[in-house]
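Asker: With the hints as extra help, turn the sequences into a complete structure.
Taking the numbering used here, I'd label the letters of the sequence shown as residues 5 to 450.
Don't take each hint at face value.
[Claimed, not checked] Within a straight-line C-alpha distance of at most 27 Å, the following computed DSS-like cross-link-like pairs (lysine-lysine) qualify:
1. 161 x 172
2. 242 x 229
3. 397 x 229
4. 39 x 161
5. 39 x 163
6. 349 x 163
7. 233 x 397
8. 169 x 39
9. 240 x 229
10. 39 x 172
11. 39 x 349
12. 161 x 349
FYI, nobody ran anything at the bench for these hints, they're computed from the structure.
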Amino acid sequence: MADIRTYNVVVLGIGFLFIFTAFTTCGNIEQTVVKSLNSTNFTGSGYHSLGIIYGVFSFCNVLAPTIVAIIGPRFTMFLSGILYSGYIAVFIIPSTWSFYFTSVVIGIGAAMLWTAQGHFLVENSDASTINRNTGLFWALLQCSMLFGNLYVYFDWKGKTEISDKDRKIMFTALLVISALGTLSFLALRKVCQLEEALSEEEGQSLLSARLIYKQRATSAVTEAKTEFKTIVEIFKTKTILLLSFCMAYSGLELSFYSGVYGTCIGATTHFGDAAKGLIGISGIVVGIGEIIGGGLFGLVLKNNRFRRTSVVFLGMVVHFVAFYLIFLNIPDDAPVVLQTSSQHKPYLAPSVSIALLCSFLLGLGDSCFNTQLYSILGRAYAEQSAPAFAIFKFIQSIFAAVAFFYSGYILLTWQLLVMVIMGFIGTLCFFMVERMQNMSADTQEY
Numbered sequence: 005m006a007d008i009r010t011y012n013v014v015v016l017g018i019g020f021l022f023i024f025t026a027f028t029t030c031g032n033i034e035q036t037v038v039k040s041l042n043s044t045n046f047t048g049s050g051y052h053s054l055g056i057i058y059g060v061f062s063f064c065n066v067l068a069p070t071i072v073a074i075i076g077p078r079f080t081m082f083l084s085g086i087l088y089s090g091y092i093a094v095f096i097i098p099s100t101w102s103f104y105f106t107s108v109v110i111g112i113g114a115a116m117l118w119t120a121q122g123h124f125l126v127e128n129s130d131a132s133t134i135n136r137n138t139g140l141f142w143a144l145l146q147c148s149m150l151f152g153n154l155y156v157y158f159d160w161k162g163k164t165e166i167s168d169k170d171r172k173i174m175f176t177a178l179l180v181i182s183a184l185g186t187l188s189f190l191a192l193r194k195v196c197q198l199e200e201a202l203s204e205e206e207g208q209s210l211l212s213a214r215l216i217y218k219q220r221a222t223s224a225v226t227e228a229k230t231e232f233k234t235i236v237e238i239f240k241t242k243t244i245l246l247l248s249f250c251m252a253y254s255g256l257e258l259s260f261y262s263g264v265y266g267t268c269i270g271a272t273t274h275f276g277d278a279a280k281g282l283i284g285i286s287g288i289v290v291g292i293g294e295i296i297g298g299g300l301f302g303l304v305l306k307n308n309r310f311r312r313t314s315v316v317f318l319g320m321v322v323h324f325v326a327f328y329l330i331f332l333n334i335p336d337d338a339p340v341v342l343q344t345s346s347q348h349k350p351y352l353a354p355s356v357s358i359a360l361l362c363s364f365l366l367g368l369g370d371s372c373f374n375t376q377l378y379s380i381l382g383r384a385y386a387e388q389s390a391p392a393f394a395i396f397k398f399i400q401s402i403f404a405a406v407a408f409f410y411s412g413y414i415l416l417t418w419q420l421l422v423m424v425i426m427g428f429i430g431t432l433c434f435f436m437v438e439r440m441q442n443m444s445a446d447t448q449e450y
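Answerer: Shown next, in the form of structure tokens:
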């Protein structure tokens with residue numbers, strides 16, 4: 005049984021590695037690709053697409069547990085993988101209506117995929133293996149930021165424009181990778197087979213099997229209603245209200261490092277023929293920052309309540325340094341320019357080294373905030389962790405969606421200023437919650 009569970013966790017991680025190698029790479033380059041389209045009939049925006057994805061994802065998180073409970077996590081992940089592959093396929097022969105339609109569809113698929121993943125991971129773990137299995141899955145997932153972006157670098161290096169042929173080759177490769185990840189979910193094995201056991205012991209008929217699914221659906225709906233009430237109650241607590249500012253900031257900076265910053269680098273005229281290839285390298289360096297930060301702050305400093313504020317403060321400082329360097333190094337019109345190259349001049353001569361340093365700092369700072377938000381939520385809501393994490397993903401996704409929508413219209417300086425203000429407020433609120441938790445713990449000791 006233990007071998008089957010370990011096998012399932014490895015296959016699960018590999019499936020997510022393939023799917024998110026395709027999707028993360030797609031998100032990093034899509035605005036650049038959209039701006040390079042030669043078709044005058046296509047009027048879509050990569051920023052708007054990503055905004056739709058995160059917006060739909062945030063609201064569908066409420067319904068996803070019910071779907072997973074009815075059809076099971078394995079089939080849910082397979083179905084979601086198909087939806088992810090469909091979104092990537094749109095870029096091979098793009099059209100505006102299919103581009104936005106699949107954006108909505110993949111938002112639904114993302115909610116189902118991540119809910120099913122959590123369910124399946126817990127199903128294949130116990131108290132002694134949950135930390136190991138979570139770490140194994142996380143390590144495989146984070147590698148998705150490396151391979152696809154490395155391909156972008158080698159394929160686009162030295163190209164000032166992305167031709168239709170380049171685009172089709174790129175997204176065909178990403179589609180194949182996503183399809184492989186989707187098919188890998190079919191290799192997952194059942195840990196326990198409830199229906200077969202009931203059939204053998206009680207001679208269940210096909211009719212009774214259908215009754216089982218009906219009862220499961222009814223139970224899932226009831227549980228969903230109960231969980232929704234719990235989410236509403238938790239949302240009103242002072243802890244969540246304060247942490248919501250930090251969660252909102254994590255959404256803003258998520259949109260910036262995952263979609264906007266790569267586009268800015270690719271649009272910087274001073275980088276010349278290397279600009280498009282640097283989008284891939286930037287994505288890799290962000291991933292390295294995420295991996296180092298997650299490993300250091302998520303594992304080494306885990307369960308140490310006195311270190312959380314230090315890590316969050318470090319994350320704020322690291323991000324503010326990155327924002328200041330980006331302000332000096334990247335043209336102000338880089339995220340909003342309609343052509344593929346910027347027209348404004350930055351305060352300093354754009355430097356590739358500084359640009360990639362900022363990529364690393366963005367990834368490192370993001371890991372600081374996310375690991376500590378998970379940590380403090382797990383401590384403050386140990387008995388209600390699922391609703392608390394659902395609120396976190398909801399707020400984070402909503403603000404990521406909002407940020408993607410305004411990113412195509414607001415100059416870089418103002419985008420950075422919004423993140424600085426929200427980051428500062430979010431850090432202060434995190435400090436207040438940490439102090440409340442420490443005072444509560446001291447009170448309980450006496």
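Asker: Does each hint fit the structure? Answer for all of them.
Answerer: Verification of the supplied hints:
Of the pairs offered as hints, the one joining residue 161 and residue 172 holds, with about 16 Å between alpha carbons and a cut-off of 27 Å not exceeded. Distance hint between residue 242 and residue 229 is fulfilled; the C-alpha atoms sit about 23 Å from each other, no more than 27 Å. For the proposed pair residue 397 and residue 229, the alpha carbon gap of about 19 Å is at most 27 Å, so the pair holds. Distance hint between residue 39 and residue 161 is fulfilled; the C-alpha atoms sit about 18 Å from each other, no more than 27 Å.
Between residue 39 and residue 163 the CA atoms are separated by roughly 14 Å; this keeps the pair inside 27 Å, and the hint holds. A distance of roughly 21 Å separates the Cα atoms of residue 349 and residue 163; the hinted pair therefore holds under the 27 Å criterion. Of the pairs offered as hints, the one joining residue 233 and residue 397 holds, with about 17 Å between alpha carbons and a cut-off of 27 Å not exceeded. For the hint pairing residue 169 with residue 39, the CA-to-CA distance comes to about 15 Å; that is within 27 Å, so the pair holds.
Pair hint residue 240 plus residue 229 holds up; C-alpha atoms about 17 Å apart against a cutoff of 27 Å. For the hint pairing residue 39 with residue 172, the CA-to-CA distance comes to about 15 Å; that is within 27 Å, so the pair holds. In summary, the hint linking residue 39 to residue 349 is supported, as the alpha carbons are separated by about 20 Å, within the 27 Å threshold. In summary, the hint linking residue 161 to residue 349 is supported, as the alpha carbons are separated by about 23 Å, within the 27 Å threshold.
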